[in-house]
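Peer 1: Using the sequences provided together with the hints, build the complete structure.
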Amino acid sequence: MRVLGIETSCDESAVAIYDSEQGLLGHDLYSQAGMHAQYGGVVPELASRDHVRKLVPLIKQLLERTATCAAEIDGVAYTAGPGLVGALLVGASVGRSLAWSWNVPAVAVHHLEGHILAPMLEQNRPAFPFLALLVSGGHTQLIRADGVGRYRIIGDTLDDSAGEAFDKTAKLLGLSYPGGPELARLAEQGNQSRFRFPRPMTNRPGLDFSFSGLKTFAANTVREQDDDPQTRADIAHAFQQAVVETLVIKCRRALQQTGLTRLVVAGGVSANRQLRIRLRETATQLGSEVFYPGMEFCTDNGAMIAYAGWLRLKAGEQEPLAFAAKARWPLNALANNTDEQLTGC
Amino acid sequence: MKILAIETSSEACSAALLINDEIRQRYQFAPQKHAELILPMLESLLAEAQLSLNAMDALAFGRGPGAFTGVRIASGVIQGLAFGADLPVVPVSSLAALAQQLHRETGETQLLAAFDARMKELYWGAYEVDADHQLVRLVGDEVVCLPEQVPLPTAGAWHGVGSGWCAYAAALNERLAPRLSGWMGDERYPRAEEVAQLALSRFKKGLAVSAEHALPVYLRDNVVRQPQSDIAQEKREGNTAIKKPL
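If you read the protein sequences in the order shown, they are chains R and V. Be aware that the first sequence starts at 0, since it is given in numbering that gives the first Met the number 0, and climbs by one per residue. Be aware that the second sequence starts at 0, since it is given in numbering that gives the first Met the number 0, and climbs by one per residue.
Among these hints, one or two may not hold up.
Stated by the list, open to error - So the derived list for chain R, only partly shown, Cβ under 10 Å to chain V, looks like this:
| hint | residue |
| --- | --- |
| 1 | VAL89 |
| 2 | SER96 |
| 3 | ALA98 |
| 4 | GLY315 |
| 5 | PRO319 |
| 6 | ALA324 |
What the hints contain is simulated information worked out from the structure, not anything from laboratory work. Since we're looking at a predicted model, the values are computed, not measured. Beta carbons: idealized from backbone N, C-alpha and C, even for Gly.
Peer 2: What follows is the structure, encoded as structure tokens:
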């Protein structure tokens with residue numbers, strides 16, 4: 000079975016073709032990040048306008064590049080939420096109508112399920128059940144995954160996500176949006192003994208996170224210290240170390256509490272090098288194994304949507320001709336499809 | 000000649016199937032339900048006529064101006080269908096479609112179509128009817144502007160139509176008084192039937208485009224405001240920068 004995947008939930012138009020026998024045939028992505036950078040964040044209306052210009056040309060280009068003809072596509076998967084509803088509706092409109100015109104089934108994919116399953120595109124794939132750490136600009140969650148569509152959130156952030164804390168602290172250090180990856184680069188030049196930041200919520204039981212206090216701590220440190228390149232690097236280092244340690248402590252705790260032996264790390268922050276090093280050490284100590292998506296599939300992409308869509312089509316799911324986009328869509332609701340919050344258009 | 004048309008730029012949602020001289024339509028006043036309704040409407044039209052999508056000569060859509068999201072649903076759906084079935088697309092102005100509707104209903108031949116564009120502005124277009132074909136033709140340009148600043152039409156007996164006339168009745172009457180014969184603001188929204196009708200003539204003139212060029216016309220292009228102003232308001236309208244989620 001061959002599935003076309005479409006992702007337009009935020010500021011990336013992305014497409015991919017997944018084949019159940021041959022794996023990923025190809026994927027393409029157009030990032031709007033440059034356009035939004037001048038506004039210091041994603042402007043939803045501009046994002047939607049760009050998706051409607053870029054999506055069909057991307058699909059056309061991908062089909063040509065992979066020498067796939069329309070008759071070879073057995074299904075179309077598109078991200079239906081959560082995300083920016085206007086942006087999602089572009090992918091849903093094109094995806095649903097394209098499937099209809101090709102006379103193949105369409106399936107609406109949950110964006111976060113795409114991320115959780117992204118490591119399954121790799122050679123070394125995790126088997127269910129596993130623990131997933133979903134860590135990005137929008138989320139910091141620990142999820143117990145017992146099967147396709149069977150997810151339980153066992154830890155969540157009470158305020159900012161880890162990626163948000165990275166971006167906001169990067170801004171304090173004068174780095175341009177989105178500054179998380181740049182902050183990580185700056186941290187490599189930092190002195191590790193100069194500052195020590197708190198590890199929020201690690202000295203009490205539970206699997207929840209809180210990163211807004213850490214951001215405030217960083218702001219105070221920036222204000223109190225001289226503004227020179229080495230100090231900025233030292234602050235970046237201490238901040239990154241605090242976030243990484245906090246994530247590692249909670250992952251260790253979650254693995255121990257659940258007895259799970261496989262850890263999947265996904266989302267934009269899963270590309271962070273320090274996080275990968277520290278999680279691997281911890282997993283080794285616990286006799287567990289860590290799985291990551293390929294670097295290009297940590298952030299938003301079409302491949303994870305094509306893959307998740309294939310799993311759901313294979314299970315016999317398909318969307319009616321009436322399509323929808325959901326700004327909010329609890330991951331917990333996937334199993335029974337009851338608690339959906341339809342936002343329509 | 001067979002054309003399948005959709006129009007979702009306003010609170011109304013409609014689809015139409017033109018087969019030579021006959022047009023069948025599905026129409027529903029259904030704010031926020033366009034995504035839910037539009038493909039089932041098309042399916043039922045094709046089923047009734049016992050035709051497949053591939054039997055069409057062209058597709059058409061109301062390309063705006065209008066509600067941004069609604070116009071994009073029309074564009075997205077049509078791009079998907081046109082790319083999938085390899086069909087040409089005829090974009091049709093939603094203002095022209097409404098002007099054509101009023102002409103058909105009343106016989107008026109000088110028409111001023113206006114949609115409420117919010118933010119104190121309206122989308123505006125002036126149309127005259129071509130006596131040979133009984134189809135509206137744009138006079139000047141379509142614009143987004145304040146009601147006090149709409150372009151003045153030539154002398155004549157112009158008739159207004161559209162939600163903009165309800166929203167800004169006093170200002171428009173004052174500006175256009177000597178040239179205005181009347182207006183109808185309520186319960187008229189652009190429809191796929193007139194989109195199909197106008198598309199037929201444009202298709203014959205060779206004005207169809209390929210799928211990826213079936214794009215919305217927003218008219219309002221200045222959609223980002225500075226974050227110093229009312230942030231809550233902007234968030235509701237979706238034009239303020241937000242932090243990227245996953």
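Peer 1: Give a verdict on every hint.
Peer 2: Right, here's what the structure says about each hint:
no., hint, result
1, VAL89, "holds (5 Å)"
2, SER96, "holds (3 Å)"
3, ALA98, "holds (8 Å)"
4, GLY315, "violated (21 Å)"
5, PRO319, "holds (8 Å)"
6, ALA324, "holds (7 Å)"
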